[in-house]
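Asks: Listed below are the residues making up each chain.
Number of protein chains: 2
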Amino acid sequence: MAQTLSVSDAVELAVVERSGFIESRHAGAAIVLDPEGTPVLTLGGVDQPILPRSSLKPLQALACVTAGAALEDERLVLATGSHSGTDRHVAIVRDILDAAGVEESALGCPPAWPGDSATRDELIRELGQPDRLRMNCSGKHAAMLLACRASGWDTDGYLDPSHPLQLHIREVVERLTGAKTLATAVDGCGAPVYAMPLSALARAIHRIGTSSERSPFALHRSAGLLVQAVRAHPWAIDGPGRADTIAIESLGVFAKGGAEGVMVMVAPDGTTVALKILDGSGRAATVIALTLLVRIGALAAADVAQTLTRLPLTISGGGQDVGSIRPTV
Amino acid sequence: MAQTLSVSDAVELAVVERSGFIESRHAGAAIVLDPEGTPVLTLGGVDQPILPRSSLKPLQALACVTAGAALEDERLVLATGSHSGTDRHVAIVRDILDAAGVEESALGCPPAWPGDSATRDELIRELGQPDRLRMNCSGKHAAMLLACRASGWDTDGYLDPSHPLQLHIREVVERLTGAKTLATAVDGCGAPVYAMPLSALARAIHRIGTSSERSPFALHRSAGLLVQAVRAHPWAIDGPGRADTIAIESLGVFAKGGAEGVMVMVAPDGTTVALKILDGSGRAATVIALTLLVRIGALAAADVAQTLTRLPLTISGGGQDVGSIRPTV
Numbered sequence: 001m002a003q004t005l006s007v008s009d010a011v012e013l014a015v016v017e018r019s020g021f022i023e024s025r026h027a028g029a030a031i032v033l034d035p036e037g038t039p040v041l042t043l044g045g046v047d048q049p050i051l052p053r054s055s056l057k058p059l060q061a062l063a064c065v066t067a068g069a070a071l072e073d074e075r076l077v078l079a080t081g082s083h084s085g086t087d088r089h090v091a092i093v094r095d096i097l098d099a100a101g102v103e104e105s106a107l108g109c110p111p112a113w114p115g116d117s118a119t120r121d122e123l124i125r126e127l128g129q130p131d132r133l134r135m136n137c138s139g140k141h142a143a144m145l146l147a148c149r150a151s152g153w154d155t156d157g158y159l160d161p162s163h164p165l166q167l168h169i170r171e172v173v174e175r176l177t178g179a180k181t182l183a184t185a186v187d188g189c190g191a192p193v194y195a196m197p198l199s200a201l202a203r204a205i206h207r208i209g210t211s212s213e214r215s216p217f218a219l220h221r222s223a224g225l226l227v228q229a230v231r232a233h234p235w236a237i238d239g240p241g242r243a244d245t246i247a248i249e250s251l252g253v254f255a256k257g258g259a260e261g262v263m264v265m266v267a268p269d270g271t272t273v274a275l276k277i278l279d280g281s282g283r284a285a286t287v288i289a290l291t292l293l294v295r296i297g298a299l300a301a302a303d304v305a306q307t308l309t310r311l312p313l314t315i316s317g318g319g320q321d322v323g324s325i326r327p328t329v
Numbered sequence: 001m002a003q004t005l006s007v008s009d010a011v012e013l014a015v016v017e018r019s020g021f022i023e024s025r026h027a028g029a030a031i032v033l034d035p036e037g038t039p040v041l042t043l044g045g046v047d048q049p050i051l052p053r054s055s056l057k058p059l060q061a062l063a064c065v066t067a068g069a070a071l072e073d074e075r076l077v078l079a080t081g082s083h084s085g086t087d088r089h090v091a092i093v094r095d096i097l098d099a100a101g102v103e104e105s106a107l108g109c110p111p112a113w114p115g116d117s118a119t120r121d122e123l124i125r126e127l128g129q130p131d132r133l134r135m136n137c138s139g140k141h142a143a144m145l146l147a148c149r150a151s152g153w154d155t156d157g158y159l160d161p162s163h164p165l166q167l168h169i170r171e172v173v174e175r176l177t178g179a180k181t182l183a184t185a186v187d188g189c190g191a192p193v194y195a196m197p198l199s200a201l202a203r204a205i206h207r208i209g210t211s212s213e214r215s216p217f218a219l220h221r222s223a224g225l226l227v228q229a230v231r232a233h234p235w236a237i238d239g240p241g242r243a244d245t246i247a248i249e250s251l252g253v254f255a256k257g258g259a260e261g262v263m264v265m266v267a268p269d270g271t272t273v274a275l276k277i278l279d280g281s282g283r284a285a286t287v288i289a290l291t292l293l294v295r296i297g298a299l300a301a302a303d304v305a306q307t308l309t310r311l312p313l314t315i316s317g318g319g320q321d322v323g324s325i326r327p328t329v
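Taken in sequence, the protein lines are chains A and B.
The first sequence begins at 1 in our numbering and counts up by one.
The second sequence begins at 1 in our numbering and counts up by one.
FYI, nobody ran anything at the bench for these hints, they're computed from the structure.
Check the hints yourself; a few may be wrong.
Same chains, same label: a pair holds when it works inside one copy or across any pair of copies.
Capping the alpha-carbon separation at 20 angstroms, the derived lysine to any residue pairs in SDA-like fashion look like this [as the list claims (entries may be wrong)]:
id, residue 1, residue 2
1, K180, G318
2, K180, G20
3, K180, S19
4, K180, I22
5, K180, H168
6, K180, E12
7, K180, L43
8, K180, A112
9, K180, L167
10, K180, R94
11, K180, D160
Generate the whole structure from the sequences, applying the supplied hints.
Replies: As structure tokens, then:
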């Protein structure tokens, strides 16, 4: 059976401290590429395969664009986002569906409650139900439907790994990672997701994060526009008060978390981090990535320290702060 | 700084599989004692310290009883439970507070939403707010207040580690574990919690789980009554549809999970498991404990297989089951 790194290939990346006692630890693998794309730091088995989950979205969004989906600005960010389902996010997903000329029912992602708790509570008070638009991946799915329309592909069956859209996405993924995909899995939202070495994911994200919108290559131009759009609209890729949004708006990084403890991040100078927490927890992923970027000199320690105060890293005891989740990299 | 086992002391206990790809792993330590209390299986660093978190509650509840708190049946279960905050749970906590002659405001645990989602949603529709009674540890806190009243101790400051109640609890903890506590931390609810080797926690839980209500020793009689009460009222220790409740009602075990991946379980024959998932996740804790009890012959494989269908172990992709959380012990 195909599988991710073993426990013995993982190294400690963060600890959870309560009243001065380290009670839990997160292990995994992490890789840092310098602005030229050369690995400058590796921790754990970075050449072992992982499922990138939503950290694959920038690659999937670019493939939708190269398949003809006309996506710019906030619509492009929603295509690459794991949004928190606020009304503002959902309005943009509707715009993409309108542009595709399809109904909400065409979305292949399952119905879900929004991740944003205020929005969820409002829906509960209004006796609302989970729906497909509120699901965090609905922007990606709307973009996939738009790409199908632009390329003349049937929107039925667009999530099948052998559908022309998914074959095209896989080709773009392999071009950007420079590696053959190692296995195909069904992501939480129903879309195909591909296993790849963590180092290959880092390579692809580095290419995207350092692309210019003035590149002679269409894929690179699109990548440059995507990163520019994410930095211009950080609220859209995640949500108010959430980790990717906070990291992007306060530090100008490109950041995209994925389920099961995956994180990719590109500093303004092009330094790139990719990491996988082996146990699948995301609670330490952002702080580990930011700390690695400080360690390598790509972000200023004081700026990151300021950002960390906005992340949910404190450990509570009786309503008081009694500890923290802290990186050990 | 005092700390739990290291990454290199932890061994794989479970994996998360999606579409045939193992994408995450949980490592930790586990120990199994036979009905006589002799260790018969150890995995990882079982003599390293852990914070037992809510798996300490059976010991704390017994200390409240030996301090004079008159607790029986469902009240005794609430004293040792991490309840899901339904109206039925809260009514019993109120009964304990009434018996102590104190108001809800005397509870030292912080306000919280109930863990039971239907109850939470109903509160949100009624524009309710988090409160102390709904907090999962409110039964333990009510029992502590009742113990203070019974012993003539001030209820103010009952969470201070130097308060007579907490000194008494610590003494009972050390008697049951047979070990000096290694560090004192503030638990999520504000109560003191003590670091101890995982093997010492297992020893204490084995003593409790094999005690008879007809023992010549008062502490053992109380322990026998506690375990009997938990088996008679499994809904009260956790909540409808939740893991400890399901395991107890379907298999007759005594089970008590704790935050950050701790689990203790005693089979009807007295075989005892204690485990700590190093990363703090509880999603695989119950299935690992049950699997160890099957492996050692204390539970029937077919019975456990039936119970596992009721636990949230399936991995979803597009609303379909595409994998599972499965033990590797």
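Asks: Are the hints correct? Go through all of them and say.
Replies: Now for the hints, and whether the structure bears them out:
no. : hint        : in the structure
1   : K180 - G318 : neither (50 angstroms within a copy, 25 angstroms between copies)
2   : K180 - G20  : between (46 angstroms within a copy, 18 angstroms between copies)
3   : K180 - S19  : between (47 angstroms within a copy, 18 angstroms between copies)
4   : K180 - I22  : between (40 angstroms within a copy, 18 angstroms between copies)
5   : K180 - H168 : within (14 angstroms within a copy, 63 angstroms between copies)
6   : K180 - E12  : neither (29 angstroms within a copy, 29 angstroms between copies)
7   : K180 - L43  : neither (23 angstroms within a copy, 37 angstroms between copies)
8   : K180 - A112 : neither (33 angstroms within a copy, 48 angstroms between copies)
9   : K180 - L167 : within (13 angstroms within a copy, 62 angstroms between copies)
10  : K180 - R94  : neither (34 angstroms within a copy, 61 angstroms between copies)
11  : K180 - D160 : within (19 angstroms within a copy, 59 angstroms between copies)
Violated hints for the displayed structure, listed by number in ascending order: 1, 6, 7, 8, 10.
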